[in-house]
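*Asks:* Each chain, written out:
Protein chains: 2
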Amino acid sequence: MKTSNTPEKQARLDMQQARDLSQVDVAATRDFIHGGQDRWKEYASIVSVLSKDPVFDTRDRVHLVRSERYAQALKMARRIHELQDEHGWTNAQVSKAIEVTGESSSYTLHFIAFEPVMRAQASEDLLAEYDGLIEHRGIIGCYLQTELGHGSNVNALETTATYVKETGEFEINSPTFTSRKWWIGAAGKLATHGVIQAKLILPDGRDMGPHLFLIQLRSMEDHRTLPGITLGDIGPKALGAWGTTDNGFAIFDNVRIPARFMLSKFAQVTPDGHYTRPPHAKISYGGMVYIRSTLVTSIGWWIARASTIAIRYCTVRRQGNKSSSGLEHQIINYPAVYNRLLPILSRAYVFLLLGRNLNEAFATMSNNLSKGDTTMLAEMHATTSGLKVLASTAVTQDLETARRCLGGHGFSEFAGIGRMYALSLPMATYEGDNYVLDLQVVRAAVKAFKRYASAAKPDPATLSPSSRYLRLLYSTSRDDVASGEWADPHRSVNLLELRALHMVRDYVKNETDPDASAAQRVSRAVTEAFVAAQAATFIQDLPSHLPGKEVYVVKDLLTLYLLATVERGLVDLLTFNLLSPRNEDAPRELRKTIQHIELKLLPQAIGLTDAFGFTDWELNSALGVYDGSAYEALWERAQTEPLNCTDVVTGYQEYIKPVLERGRRLAVRGGAKL
Amino acid sequence: MKTSNTPEKQARLDMQQARDLSQVDVAATRDFIHGGQDRWKEYASIVSVLSKDPVFDTRDRVHLVRSERYAQALKMARRIHELQDEHGWTNAQVSKAIEVTGESSSYTLHFIAFEPVMRAQASEDLLAEYDGLIEHRGIIGCYLQTELGHGSNVNALETTATYVKETGEFEINSPTFTSRKWWIGAAGKLATHGVIQAKLILPDGRDMGPHLFLIQLRSMEDHRTLPGITLGDIGPKALGAWGTTDNGFAIFDNVRIPARFMLSKFAQVTPDGHYTRPPHAKISYGGMVYIRSTLVTSIGWWIARASTIAIRYCTVRRQGNKSSSGLEHQIINYPAVYNRLLPILSRAYVFLLLGRNLNEAFATMSNNLSKGDTTMLAEMHATTSGLKVLASTAVTQDLETARRCLGGHGFSEFAGIGRMYALSLPMATYEGDNYVLDLQVVRAAVKAFKRYASAAKPDPATLSPSSRYLRLLYSTSRDDVASGEWADPHRSVNLLELRALHMVRDYVKNETDPDASAAQRVSRAVTEAFVAAQAATFIQDLPSHLPGKEVYVVKDLLTLYLLATVERGLVDLLTFNLLSPRNEDAPRELRKTIQHIELKLLPQAIGLTDAFGFTDWELNSALGVYDGSAYEALWERAQTEPLNCTDVVTGYQEYIKPVLERGRRLAVRGGAKL
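Chains W and V, in that order, are what the protein sequence lines are.
Going by the UniProt record's numbering, the first residue of the first sequence is number 1, and it counts up by one from there.
Going by the UniProt record's numbering, the first residue of the second sequence is number 1, and it counts up by one from there.
Only chain W is shown next, with the shape it has when bound in the complex (with noise of 0.2 Å):
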């Protein structure tokens, strides 16, 4: 290695030669990442077509006003539907073509929640009707659940649905201020029908309390609002994220709709009046958990797409006292820099191997719920709760952690991860605030505990897989104080179960009086023990997924998920005493094992990023590209800020001379000589 290279030059060799470091088979990586080969090229398909279209090549938007970006994700939409009856792209393919762009969309509140809540819960009559429409975007659907004045809590929406004997139609109405129906992704513009949520109302008089109705919003002629109706978007979101989606108000005043638009699959008004219960009490749950099961996916390959760019651009930089080389270190190799960056890497990892378990979990469950099969709901929406919550968590932490490990110019808005940071944000209050959503992963806790611990005989192989832990109950005194090496990586995981018995054990003794955030953390120590024992399961399983060499990779990486974990939970374990050696001791040891293993991956951490397969064009980002050419990307990128249009800026003459000038009037009154 020379010092006489440039520094951008010994960027693009730095890149080179981590590459040629690297151990880990890319390909073979990649296509277990993905899911297998088959999903891997489906996938790299739709994203060779839509970097090579220029409709897709949207590097300007950071310089548009909101309603110009809107207007181009419409344009992204419309033809991502060409490129649909050209390639002959399934609905998935379109889903994922339009995640691919980086844009949020309206058209997505189609997809994740419009479609399939018709699916699961309109009669098969109505269903037959509007199928076909739903199937192709024929009509675009939003979901219109919280109200300006309600959220989490369902029961107090106070829009309602009125059942009109008389004609047989059901009259939806705003009757209050706060009954405004708010945040309705798609609604304020885009869409044209949408499922709604209100009270129902019997003849009567009763209120059955929330139920779903269809509804048409817009007219198929010329996309006016229908009469009754008002609505509009409810303005700019935070950090102007989400802009190109318009979350949207809507005021309903006597708006009527015929009486088999109510969603009738599991409850029903008769044409008389009468009322019929649904079978399961929280069958209506079945859309968030869809929704939750979906988001866990979407944040892995949120935090991929981070940890590949801070690992990248942490590799070509370099910054501090020299090394040997007569360079400065490259600052992946700096303890505070690799000890943040791996273990994100390894979340993104976890969090995709689990969201493909979830994806087909729901599947399983959605196919039993269909024939009225209600035994997965309960234990499906506690995990996906508990998981919802601690990936959408992590999510924000880890974009945000790698973003401040690019240092300075991971402000720039090129550096690409503050724009994901802001359109992963709302996730920790949509779909169920995460700190009410920990109160039913408690509860859910609180009774498996409960039943386990008065059971007369109790049987393990009752547990599900989310009270699991539960089993350590009945272990020898021995058992509770995990022992073994370490790098072992079922130390960690009995240690992440103890953890969780012992915390709702400790919460159960004290229900009456918990402190303050003691939810919070049992919901966290319980989630956390069910993932690790996944992890285990993905750790075990490697082998029949690939080659040998990366099977011991990517165990290190999966184990480095789980003992950073551990350490992270390092307080309740000491609480509980459950480590040995002494105190003082071992969470040093903890935290060198840690370091052991991020020493050893080190190397590999180029190689396990390209696995993910993102393309330059993907990331968007100047720090992250591909060759490591990070500052010619940053320079490149600066010359397209419109205020560098002039040399002089607009304002000058205005607003900046005459400050100038009263300046130096000022200071030659003072006694100054120009």
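Don't take every hint at face value.
Here are the simulated DMTMM-like pairs of lysine to aspartate or glutamate, each with C-alpha atoms no more than 20 Å apart in a straight line [what the hints assert, rightly or not]:
(1) W:K657 - V:E82
(2) W:K657 - V:E68
(3) V:K41 - V:E86
(4) V:K592 - W:D513
(5) V:K371 - V:D585
(6) W:K657 - V:E135
(7) V:K509 - W:E589
(8) V:K75 - W:E661
(9) V:K657 - W:D222
(10) W:K322 - V:E589
(11) V:K673 - W:D131
(12) W:K265 - W:D125
(13) W:K9 - V:E661
(14) W:K75 - V:D647
(15) W:K265 - W:D253
(16) W:K657 - V:E86
(17) W:K592 - V:D513
(18) V:K592 - W:E511
(19) W:K75 - V:E661
(20) V:K75 - V:D53
(21) W:K509 - V:E589
(22) W:K673 - V:D125
(23) V:K75 - W:E654
(24) W:K509 - V:D585
(25) W:K592 - V:D506
(26) W:K600 - V:D513
Over the 10 Å line for every Cβ pair with chain W, so calculated as not near, a few chain V residues [unchecked claim]:
(27) T6
(28) K41
(29) D85
(30) E115
(31) R119
(32) A336
(33) G548
(34) V571
(35) Q595
In short, the hints are calculated from the structure, not lab data.
Where a beta carbon is used, it is the ideal one built from N, C-alpha and C, also for glycine.
Using the hints provided, position chain V relative to the given structure of chain W.
*Replies:* Just chain V now, kept in the frame of chain W:
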């Protein structure tokens, strides 16, 4: 309380009731927080002037593109200069006025970077020449330090300043691609002059490392960039933040400046090219110390704003199960909400009080430095480094936590917290990357520890404030475990000091083989011990600043700060066995004490936030409005969204209609009846 109120009426009632219940003397507490009634009045009068002037009604800013916002900020700055003349404002008041606008301004760089460094390091002759111009903004300055390839490590900067003996000039050059100055606030468009960091090259070719030089960038005639110089804006920042600051790049091609432009108060080049050394190697750190010391106060105000918005909205937002009143609960009463918000409120108070102390300390140091007395520099450098890390880490966390407490509506731009988050974010990486500063804090701590531990006669009186905790090194073993009541602030201070001591000692023990996050943990422990000791003195001094009742309320708030800090440090305290009683009970007792204090503070929360004295104009938040009319404000703001100008969105004909028509065609083909 009647249940017949509409939610929006109830919200205003709830706010009124909270205000009625609060026992806080808002005026007295406000004067205390602002550092005296005069300061409060001065501040309030600036706010009053600006809020009545239409130039500062910039609520439409969110709908503008960056170049429009940039011009808007220039317009505000010009108007502030007119107002300075009108009202006889000092420059400090002008700075405050700029801050009050809520937008970043490139003029700030003149005040916080250019002016102080010129004052501190220019020769008397040079200062005599430029002082008046600087004072009155007859020139506008920036501070050119970081480069495309170089940030924290100033020794690696590549820009050169070569002394040309023949002409008595320095020649400034950007010899490489990566030496281009980058990120320089105000250098892109606004500044006429700058102070530049460049390697001083002597006529004999010796490189004397980075030194400072005054340089003119733009013509005073027409503001055009001077020959040999290339200037431009580096493009948009992440999250759309800081768009009103022209962070710029600058390239120098054989630019000559007169010899007297070298800032030569402490280092000089004689006319014949000989170099004389500065008296203290770190003398040029003074500027950084200044910026860092002001950051703590700015951060205090940001956290104050966010906690005001969040506590107000959470007071009027009702959600969840119904209470005995028939209304849903005010969300501020949920443990998961108050346990997040009240510690944030406590940090606002602590940082504001800390910031005031720091400003005083900086003034003293600055005065000493001007006399060549550098004794305070090392301590101030260590202290402000640690505080900068602590406060800049806290502010982003606290702002985001406060935002999430707002639930779904918190993600609206109109909530007003996201905007502050974006503004505060770069603090973590600018003025010294936090992870680099951690190392400097640890270095100072280790040095102090070794000195004290190896002293023949260790005298606690020799310890600087930042290492006062070291006195515990020779305490008797019984003092080694802090006991007493949790509610007693001294127990927290004692614990946090013991923690710092144990962690530094442990770090030194393993100095040759630290784990990867050791420096971060030690830095935090040391700084938190310092702040804890300061907080204890704030508590002690309260009676001299506040009337009777407020002393107890503010004492509780500061105690909460201490207890929340202890809770965050539990891992360390448990690791080093510093807690009694035995582990399992101590954390619970601590958390129950926190909850107990929080419940005591809860009725005072509105009063304690009112005491910051923010007007609705300053907060610019629909959710944080003073009278609790959050829902109406949110509705009104949404009506300003440009997408709402038309019912049918621009782009319908071209981009939506074709998708719908295609879908209907395909649906019909599949058998659908329309």
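*Asks:* Next step is simple, just say for each hint if it's right about the structure.
*Replies:* A quick look at each hint next to the structure:
no., hint, in the structure
1, W:K657 - V:E82, "holds (13 Å)"
2, W:K657 - V:E68, "holds (18 Å)"
3, V:K41 - V:E86, "holds (18 Å)"
4, V:K592 - W:D513, "holds (9 Å)"
5, V:K371 - V:D585, "violated (55 Å)"
6, W:K657 - V:E135, "holds (16 Å)"
7, V:K509 - W:E589, "holds (14 Å)"
8, V:K75 - W:E661, "holds (15 Å)"
9, V:K657 - W:D222, "holds (8 Å)"
10, W:K322 - V:E589, "violated (50 Å)"
11, V:K673 - W:D131, "holds (11 Å)"
12, W:K265 - W:D125, "holds (10 Å)"
13, W:K9 - V:E661, "violated (53 Å)"
14, W:K75 - V:D647, "holds (19 Å)"
15, W:K265 - W:D253, "violated (27 Å)"
16, W:K657 - V:E86, "holds (19 Å)"
17, W:K592 - V:D513, "holds (9 Å)"
18, V:K592 - W:E511, "holds (13 Å)"
19, W:K75 - V:E661, "holds (15 Å)"
20, V:K75 - V:D53, "holds (12 Å)"
21, W:K509 - V:E589, "holds (14 Å)"
22, W:K673 - V:D125, "holds (13 Å)"
23, V:K75 - W:E654, "holds (8 Å)"
24, W:K509 - V:D585, "holds (12 Å)"
25, W:K592 - V:D506, "holds (14 Å)"
26, W:K600 - V:D513, "holds (17 Å)"
27, T6, "violated (5 Å)"
28, K41, "holds (26 Å)"
29, D85, "violated (8 Å)"
30, E115, "holds (12 Å)"
31, R119, "holds (15 Å)"
32, A336, "violated (4 Å)"
33, G548, "holds (29 Å)"
34, V571, "violated (5 Å)"
35, Q595, "violated (5 Å)"
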